Amino acid sequence: MTHPNLEPQLDAYLDGELADAERRELESHLAHCPECTRFLDSRLALRSAIKARIPALRAPDTLRRRVRSLQRRARMPVLWRSLAVAASLAVVAFGGWRLGRQRGGGETIADEVFTSHVRSLMPGHLTDVQSSDQHTVKPWFNGKLDYSPPVYDFAGRGYPLLGGRLEYVGGRPVGALVYGRRQHLINVLLWPSDRGAAGAATETRQGYHVLHWATPDYTYWAVSDLGLAELREFEQLLQQADSAAAPR
Amino acid sequence: MEFAAVVLPHLDAAYTLARYLTRNDADAQDVVQDAALRALKYFGGFRGTTGPDGRAWFLAIVRNTAYTWRHRQQGDGLVTQFNEELHSDAGTAADPAAAVDLRQAIDALPLEFREVIVLRELEGLSYKEISDVTGVPVGTVMSRLSRARKRLQEALT
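From first to last, the protein sequence lines are chains Z and H. Numbering follows my numbering, with no gaps: position 168 of the first sequence is 334. Numbering follows my numbering, with no gaps: position 23 of the second sequence is 100.
Any given hint could turn out to be false.
Stated by the list, open to error - Derived, one-sided and incomplete: chain H residues facing chain Z with beta-carbon distance under 7 Å:
| id | residue |
| --- | --- |
| 1 | R96 |
| 2 | S220 |
| 3 | L222 |
| 4 | S223 |
Since the hints were made in silico from the structure, they are not lab data. Bear in mind that the values here come from a model prediction, so they are computed numbers and not experimental data. All C-beta atoms, glycine included, are put in the ideal place defined by N, C-alpha and C.
Could you build the full structure based on these sequences and the hints that come with them?
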């Protein structure tokens, strides 16, 4: 005789899903039921057939890459929340980005720096390395740039370091550092000064301030929607830190 | 816990489930990518309640995404054709014909049977985890799995 009503229990028994009491009860039934024992054998045969004949599938590399690229976005929401950057900022950024593009061919460094700032405000573009630790951000540039940009953390002065990323300005990869000031972001792009000090400049476009200065070692550009006074204060902090670190 | 640490280790399992649910490689990739995006969006909701490593949590999202995809396909009148390509790499077993037969038998199962077979036999999930992924009670998982195996055996004899 067969025990079709027992089949789910027998499957669960093979799957190791029965509680001790149920298992003991079923085993004492199996001891004198050849039908159910045969049933178990057929299920074991099915199981080994599946193991032998159905190859494990691997996610294709293209899919793996696509999912990995989502990772960068994964880190963004927290940062965006912490900075309370509203959706309106993204709209402003998008408008600015389009204007920046329409300038077309003869882009100046200031254009490129400004565009880089606006692009960085789009989700997922702000940082490649997100850290408030200068000793994490600075080594991150190793092997990515042919110089090691000075990285500071001015959290104690209200300008915390948020991270860094690579940019491409003036036909070469350059380092970009991101600092925060309340809900505002400051992008600092810097590269070794090649033709001595190139002078200082200030520019305002579409509500963003662009500051430029040079130290004996580095050419600096800073962009932010921060008020000009505070952005200048930040510039002073950077200049002081640089001259303090100068005799290297 | 990092999003990537929860999702990336289970990408093979996610792809396997999606591939058997959609029966198509390109659709399976789209489903998994879409699921990963959703996982990202709802990652704040991951509390490790469905197992500490997030496998069941992510597979549940993959399954729901595949079901949504299926509804959309049917709504558009684009019922995906049975995909021969899915069977093309089955020839590694000792008896290629039998391998194809078994795979076809799994593919021919109704969706609710197919998913429990894949989750149990290919991915090794417990009944509780399968219940978490599919949203049906453990007792239903148990009876579906038993009926699914019965169908496979019938198809192979």
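Hint check:
1. Hint status for R96/H: holds, given a least beta-carbon distance of 6 Å to chain Z, under 7 Å.
2. Taking 7 Å as the C-beta cut-off, the interface hint given for S220/H holds, the closest approach to chain Z being about 5 Å.
3. For L222/H, the suggested interface contact is upheld, since its CB lies about 6 Å from the closest CB of chain Z, less than 7 Å.
4. A least Cβ separation of about 4 Å between S223/H and chain Z falls short of the 7 Å threshold, and the interface hint therefore holds.
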